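A.B. asks: With the hints as a guide, bring the two chains together.
Respectively, the protein sequence lines represent chains C and A. Okay, so the first sequence: first residue is 1 according to my numbering, each after it adds one. Okay, so the second sequence: first residue is 1 according to my numbering, each after it adds one.
Calculated directly from the structure, the hints in this document are not laboratory data. Since this is a predicted model, take the numbers as computed values, not measurements. A virtual CB, placed ideally from N, CA and C, is assigned to each residue, including glycine. No false leads were slipped in.
Partial selection, computed: residues in chain C whose CB lies under 10 Å from chain A:
hint, residue
1, Asn1
2, Asn32
3, Gln39
4, Ser43
5, Ile49
6, Tyr50
7, Glu51
8, Gln54
9, Pro56
10, Tyr90
11, Tyr94
12, Ser97
13, Glu100
14, Val101
Subject to a maximum C-alpha distance of 25 Å in a straight line, what follows is the list of computed SDA-like cross-link-like pairs (lysine to any residue):
hint, chain 1, residue 1, chain 2, residue 2
15, A, Lys74, C, Arg99
16, C, Lys107, A, Ser89
17, A, Lys43, C, Thr83
18, A, Lys23, A, Val115
19, A, Lys23, A, Thr58
20, C, Lys107, A, Val115
21, A, Lys43, C, His8
22, C, Lys107, C, Glu51
23, C, Lys107, A, Leu114
24, A, Lys43, A, Trp83
25, A, Lys43, C, Met3
26, C, Lys82, C, Pro56
27, C, Lys107, A, Gly42
28, A, Lys43, C, Pro7
29, A, Lys43, C, Phe2
30, A, Lys12, A, Thr116
31, A, Lys23, A, Ile76
32, A, Lys43, C, Arg40
33, C, Lys82, A, Gly44
34, A, Lys23, A, Val101
35, C, Lys16, C, Arg40
36, A, Lys43, C, Asn1
37, A, Lys43, C, Asn98
38, A, Lys43, C, Ser43
39, C, Lys107, C, Val10
40, C, Lys107, C, Gly80
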Amino acid sequence: NFMLTQPHSVSESPGKTVTISCTGSSGSIASNYVQWYQQRPGSAPTTVIYEDNQRPSGVPDRFSGSIDSSSNSASLTISGLKTEDEADYYCQSYDSSNREVFGGGTKLTVL
Amino acid sequence: EVQLVQSGAEVKKPGESLRISCKGSGYSFTSYWISWVRQMPGKGLEWMGRIDPSDSYTNYSPSFQGHVTISADKSISTAYLQWSSLKASDTAMYYCARRSVDITYFDYWGQGTLVTVSS
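Pulled out of the complex, with its shape left as it was, chain A reads as follows (with noise of 0.2 Å):
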């Protein structure tokens, strides 16, 4: 059974680091990349970026290049977003989600996880 699972929800001050991670498993982890949308309280979906697992190969939405950082550990077949000082404004959850070349589409999702900024 394919399952993308992500790390708990976490509370952070402003200015703080963050890394949440999203665990795939019952696939080739290599063989799909692993996309980051944002969904801020009551707002849509955003897209923030790729990364292809095999060669660590990333592209970022422009919104959010040089303010976040995708990365992934095959080895562990996780995947992680990674923030070096949080803001109020990054108070959101945040879902993985898996595609390939020839999958147009997020077949699987995670179950998101929320982060929440707040002094």
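Extracted from the complex, chain C is given alone in its bound form (with noise of 0.2 Å):
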């Protein structure tokens, strides 16, 4: 079964800039679009990033995201990061039978 690999953890002060990785576990990641969702305590998720590196509007562009074939992954970067940019953050794509998976999170601290 296909899967998608996040860290469980990441952390960073206000105004830097952190990256999130998610590793897929077999095939190229490149063949299916990636997305970004983000949640935030006791709410639904939204999305941040969609087809790899598109923000739906109304995300800021300090938000953006991109796919590194060499590493088979996908990476959201948050940059001028904000106490509320804290969440927690899935990436999410498709396996060969067009089932969308989800990786298992990760959550974003800005201390």
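C.D. replies: Structure, rendered in structure tokens:
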């Protein structure tokens, strides 16, 4: 089964830049789009990046996404960190049967 | 305004059946697939499966195939997630979310339905 692996947690200070990785277990992560969702406590997830590096309207350009085929991974980078960015972040892509697969999630702490 | 409105919280006993719902409004219900996503307490998101309301075609995660049933009634723009015999391990928050062939991500989510299974 296709899996996406994320670090359990990351932390950084306000104003700094943080990168969260998402590594595919098999195949090429570049073969299917990767999305990133933000989930604050007690709320439903919202999209911050779709189709590898696209931002929905309303998402600040401090959020960016990228793909690194050499490491079979996707990354979410948040620059100019704000305390409001503290949340859980999930990557999502698809398996060979076009079924959605989520990464395990990364808890971002903004110290 | 696009909305996915889910049914309210449920408290059930092991072995009981349950159906929760997700009603879409503000868009053409048959133009978007509805997925169900589980989030167990303190855990991550798990995709359970989806339905195409236009023809009721379903696609399940292998982890959930045979354990739940996803259905839809397009006449009332509502999708359902159903259990025939609940277990304590089904205790979780369940979200519905929509996407389409053209929109490759979940652009709208329901507010979630908390299901508690306890004797």
